[in-house]
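**Student:** Residues per chain, in single letters:
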Amino acid sequence: MRARILRVFALVVKELLALLRDPASRAVLIGPPIIQLIVFGYAATFELKHVPFVVYNQDQGQLSRELVARFAGAPSFDLVQFVYDQKTVEQSINNKSALMAMDIGPNFSADLERGRPAHVQIVLDGRDSNTAAIAMGYVQSIVTQFNQAQVVQHGMKPPPTVLLDRAWFNPNLDSRWFIVPGICGILTLLVSILTTGLSVAREREMGTFDQLLVTPMPPAEILLGKALPGFLVGTAEGTLIVLMAIFWFHVPFTGSLIALYIGLLCFLFAAVGIGLMISSLAVTQQQGLLGVFLFMVPAIVLSGFSTPIANMPQAVQYITLLDPLRYFLIVLRGSFLEGGGVTLFWPQYWPLLTIGLISMIVAGTLFRKRLA
Amino acid sequence: MGVIVVNNLSKSFGKGTSRKDALKNVSFEIAEGSMTALIGPDGAGKTTLLRLLAGILQPDTGNLHVLGHALPHDALQLQAKIGYMPQRFGLYENLTVEENLTLFADLHNIPEDRRKARFDDLLTMTALGPFRARRAGKLSGGMKQKLGLACTLIHPPRVLLLDEASVGVDPISRRELWSIIQQQVIREKVTVLLSTAYMDEAERCDHVLLLHEGEILAQGSPSDLIAPMQGHSFLLQEAAMAARALQSQVARLPDVVDTVIQGDGLRIVMKKVEPPPLPADLAVRGPSKPVPARLEDAFVSLLVNRNPHHSIPLPPATKAVANDAAVVEVKSLYRYFGDFAAVKDVSFSVQKGEIYGLLGANGAGKSTTFRMLCGLLPASSGTLRVAGADLRTGEASARARIGYVSQKFSLYGALSVLQNLSFFATVYGLQNRRKRDRIGWALEELELKDYIAMNAADLPLGYKQRLALACALMHEPSILFLDEPTSGVDPLARREFWARVNALAQGGTTCLVTTHFMEEAEYCDRLVLMSLGEVLAEGTPTEIKSRVRHADQPNPTMEDAFISLIEEHERVSRRAS
Chain C
1 MRARILRVFA LVVKELLALL RDPASRAVLI GPPIIQLIVF GYAATFELKH VPFVVYNQDQ
61 GQLSRELVAR FAGAPSFDLV QFVYDQKTVE QSINNKSALM AMDIGPNFSA DLERGRPAHV
121 QIVLDGRDSN TAAIAMGYVQ SIVTQFNQAQ VVQHGMKPPP TVLLDRAWFN PNLDSRWFIV
181 PGICGILTLL VSILTTGLSV AREREMGTFD QLLVTPMPPA EILLGKALPG FLVGTAEGTL
241 IVLMAIFWFH VPFTGSLIAL YIGLLCFLFA AVGIGLMISS LAVTQQQGLL GVFLFMVPAI
301 VLSGFSTPIA NMPQAVQYIT LLDPLRYFLI VLRGSFLEGG GVTLFWPQYW PLLTIGLISM
361 IVAGTLFRKR LA
Chain X
1 MGVIVVNNLS KSFGKGTSRK DALKNVSFEI AEGSMTALIG PDGAGKTTLL RLLAGILQPD
61 TGNLHVLGHA LPHDALQLQA KIGYMPQRFG LYENLTVEEN LTLFADLHNI PEDRRKARFD
121 DLLTMTALGP FRARRAGKLS GGMKQKLGLA CTLIHPPRVL LLDEASVGVD PISRRELWSI
181 IQQQVIREKV TVLLSTAYMD EAERCDHVLL LHEGEILAQG SPSDLIAPMQ GHSFLLQEAA
241 MAARALQSQV ARLPDVVDTV IQGDGLRIVM KKVEPPPLPA DLAVRGPSKP VPARLEDAFV
301 SLLVNRNPHH SIPLPPATKA VANDAAVVEV KSLYRYFGDF AAVKDVSFSV QKGEIYGLLG
361 ANGAGKSTTF RMLCGLLPAS SGTLRVAGAD LRTGEASARA RIGYVSQKFS LYGALSVLQN
421 LSFFATVYGL QNRRKRDRIG WALEELELKD YIAMNAADLP LGYKQRLALA CALMHEPSIL
481 FLDEPTSGVD PLARREFWAR VNALAQGGTT CLVTTHFMEE AEYCDRLVLM SLGEVLAEGT
541 PTEIKSRVRH ADQPNPTMED AFISLIEEHE RVSRRAS
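Residue numbers (my numbering), protein chains in the order written: chain C, 1 to 372; chain X, 1 to 577.
If you are wondering where the hints come from, they were derived from the structure by calculation, not from laboratory data. Computed from a predicted structure; not experimentally measured. Certain hints may be false.
[As the list claims (entries may be wrong)] Below, computed lysine-lysine pairings styled on BS3-like, alpha-carbon distance capped at 30 Å: (1) X/138 - C/369; (2) X/352 - X/271; (3) X/24 - X/271; (4) X/24 - X/81; (5) X/352 - X/138; (6) X/289 - X/271; (7) X/271 - C/369; (8) X/408 - X/20; (9) C/369 - X/344; (10) X/331 - X/408; (11) X/331 - X/344; (12) X/408 - C/369.
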């Protein structure tokens with residue numbers, strides 16, 4: 001037994017030395033994740049600022065100018081220019097000089113003064129549907145404010161129901177709070193899967209894998225020696241990114257560290273299992289890399305990182321159940337924002353453990369089959 | 001003025017402390033229509049020189065003129081007129097023979113009307129005509145090399161630069177390649193510069209350049225280089241004892257530069273023009289006879305003079321008691337990859353303490369047989385016993401009895417010498433004191449002490465080979481598998497390596513070695529000669545050579561034996577079908 005432990009330990013030490021002594025792999029392990037975290041942390045935001053818009057105001061009245069002033073003054077919008085015909089409206093949207101055009105009809109002020117509903121047409125550039133939808137939301141809230149001001153000024157009867165919104169967990173709906181914990185999950189997955197997914201292929205290419213196979217080490221020990229470094233590197237990377245999220249991006253951490261780390265270990269179990277599966281299939285590092293990316297892209301898209309799983313078609317929602325990142329993102333966001341504890345996350349832990357167990361068994365079988 | 005003129009050429013790689021001089025102040029000239037061989041140990045700068053002449057590397061200092069073009073400035077104009085064949089020629093394995101030729105004709109803008117004649121000419125010359133429609137990946141090693149040469153000759157070039165074109169190729173293909181190259185020189189007045197590890201090839205050239213650590217150590221015609229060695233070479237024959245035991249005694253005598261086993265005899269190279277001072281009690285039946293010197297003698301003595309400290313280790317004088325027990329047994333072994341039979345009906349057995357060779361060209365099935373013996377690959381059928389067990393199906397612990405040095409000296413490049421040794425020691429279950437002792441032994445015995453902290457990837461090739469051997473010997477295995485351990489290694493390092501293997505065998509370790517160098521057969525106690533997955537012959541080197549001895553060929557070499565046996569084998573199989 002002691003000999004077994006020593007052998008596996010030697011393999012783990014060798015694996016870590018090979019990763020950390022080689023300047024190229026050391027750089028890959030440390031550089032890109034930090035750069036990605038900073039770039040994504042600052043760049044990936046759902047908030048819109050400075051939406052360029054044009055105004056085609058056919059109305060001569062005071063009220064239309066007031067409405068335009070509300071838009072021009074809002075931080076979300078930038079007034080590019082006033083236009084005087086429909087054709088220019090079209091052009092400015094087409095050539096992307098404006099994302100939005102506001103068309104105010106000739107009777108706008110008159111209608112309002114007579115207490116009749118007045119019409120404003122908003123034209124949005126739908127080529128980027130996400131941005132258009134967000135801009136529309138801003139437009140609605142500005143128009144609502146305008147209406148309320150009218151009610152107060154003119155002493156009209158207030159509308160029957162007023163909607164008051166209050167966001168829990170993220171009171172200002174700061175999208176960075178939502179995105180940065182998600183990036184923790186993606187980068188931890190990437191690093192741990194790269195470490196395990198390429199390590200066997202690298203040895204196959206160098207010929208050292210044969211050298212390992214002719215030693216008295218049974219395949220199970222080799223597999224274990226290859227899995228553990230993935231855990232260690234993944235835990236270190238995850239910790240680093242969580243610390244950066246808290247101390248650099250000031251995302252509040254309201255939950256329990258224990259719950260988060262149980263989640264991280266369950267997640268790494270699944271990630272390392274999938275990495276080993278890729279490893280047992282790939283003969284060259286190139287194939288390994290291809291395998292990692294074939295897995296990574298759908299794993300991110302289906303994880304709910306940027307688009308809610310609930311919005312996906314039912315069939316796709318079933319597929320997301322296979323995605324370990326899906327579960328870990330819930331643990332991450334729950335730990336950061338919801339203050340969730342171990343009991344809350346149990347429904348996330350066990351699927352991760354199941355995925356890990358199955359992929360480890362498959363990797364072991366494939367590994368043995370490849371050797372046979 | 002010569003076709004190739006090189007003046008004070010220097011080239012180094014890397015920066016700061018890792019800076020290495022590949023070529024130092026090299027000057028030479030090559031005449032039109034001549035054949036020049038570039039020889040020298042590994043890392044001497046042969047490949048760098050050829051790449052500089054092909055215009056794909058920039059020199060640091062010095063002038064290079066090829067066909068009157070100054071390099072690297074006129075590289076593009078020059079490249080249209082020369083043919084350069086790198087060590088691993090880039091054939092497109094998924095294209096057929098003809099498609100490969102067409103591709104290279106396109107790259108060189110050969111007009112459509114000239115192509116057919118040129119293709120026919122090249123295909124006749126290389127005897128690849130019947131394989132026009134075969135994919136390059138499906139060709140044998142020798143055929144691939146010939147196709148590579150045909151693609152290089154497509155334009156046709158006026159200067160031909162060949163980097164170890166014949167390494168790893170079977171003797172028949174090697175002869176064919178050589179005759180194609182010679183035809184080019186005679187018929188087309190092509191100027192040829194080729195690097196080679198085979199001294200017999202260099203001896204057939206007009207001019208030889210001996211490179212060593214980036215400098216030209218000697219140059220001239222082969223006879224110029226051999227001349228000072230005349231009278232230094234002797235052959236000691238009809239010894240009453242085994243040639244290897246004789247060698248270990250003679251090598252210790254003063255003024256002996258080099259000893260090589262040749263058949264039953266021993267070839268000796270002396271420092272001075274006098275026969276070796278054989279002690280009276282040495283059990284030899286006759287005095288040593290003077291024999292004509294050859295280029296290899298000059299090569300070895302020049303290099304030994306150059307680095308007297310880098311002497312060849314002496315094999316130990318005592319031989320362990322031989323044991324008749326067979327430690328490796330192979331019976332009617334087959335291995336198929338799809339329909340392709342890589343190993344067909346191979347049987348042999350190896351006794352304890354023997355040096356057993358598997359000889360054959362690349363693709364003969366040596367490595368496949370080896371991988372099956374080591375348990376890395378299952379056999380399709382047949383039985384295998386290594387130290388009484390089948391390593392594939394048996395207990396993992398049985399593998400502790402073998403050591404394996406793979407073809408590429410598989411080491412962890414990012415780990416230091418010490419870390420590599422320590423890793424393999426632990427994996428083989430060595431602990432504490434024994435581990436320390438064995439690492440100490442390896443550093444001492446294989447002279448790795450000065451490199452202890454260096455990364456394995458940065459070691460010179462010869463030291464990589466030593467470290468790989470050390471890692472495989474950590475646990476003192478009783479059987480050692482060595483897969484092509486001398487591939488790409490120069491004659492001096494090869495001697496050094498064989499002396500170590502010799503010492504191990506004398507100590508009772510059974511050594512199985514694969515090699516594609518036919519002359520290395522002499523180092524083996526017994527061997528199998530393989531071709532296309534089949535055993536051509538099995539026995540001691542003398543037995544195998546005597547099978548092809550006849551009036552026209554009174555003193556056949558192993559290469560002659562290989563060629564005769566293949567021809568005989570082909571006759572038999574043709575009659576059978």
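**Student:** Confirm or reject each hint.
**Tutor:** Here's how the hints hold up against the structure:
A hinted pair counts as satisfied when its Cα atoms are at most 30 Å apart, and residue 138 of chain X with residue 369 of chain C qualifies at roughly 26 Å. A hinted pair counts as satisfied when its Cα atoms are at most 30 Å apart, and residue 352 of chain X with residue 271 of chain X does not qualify at roughly 37 Å. Between residue 24 of chain X and residue 271 of chain X the CA atoms are separated by roughly 28 Å; this keeps the pair inside 30 Å, and the hint holds. With a CA separation close to 27 Å, the supplied pair residue 24 of chain X and residue 81 of chain X stays within the 30 Å bound.
For the suggested pair residue 352 of chain X and residue 138 of chain X, the alpha carbons sit about 39 Å apart, so the restraint of at most 30 Å is broken. Between residue 289 of chain X and residue 271 of chain X the CA atoms are separated by roughly 16 Å; this keeps the pair inside 30 Å, and the hint holds. The suggested pairing of residue 271 of chain X with residue 369 of chain C is violated, with an alpha-carbon distance near 58 Å, which exceeds 30 Å. With a CA separation close to 22 Å, the supplied pair residue 408 of chain X and residue 20 of chain X stays within the 30 Å bound.
A threshold of 30 Å between alpha carbons decides the hint, and for residue 369 of chain C with residue 344 of chain X the separation of about 24 Å falls inside it, so the pair holds. Straight-line distance between C-alpha atoms of residue 331 of chain X and residue 408 of chain X comes to about 28 Å, which keeps the hinted pair within the 30 Å bound. The suggested pairing of residue 331 of chain X with residue 344 of chain X holds, with an alpha-carbon distance near 11 Å, which does not exceed 30 Å. Between residue 408 of chain X and residue 369 of chain C the alpha-carbon distance is near 25 Å, which keeps this suggested pair within the 30 Å criterion.
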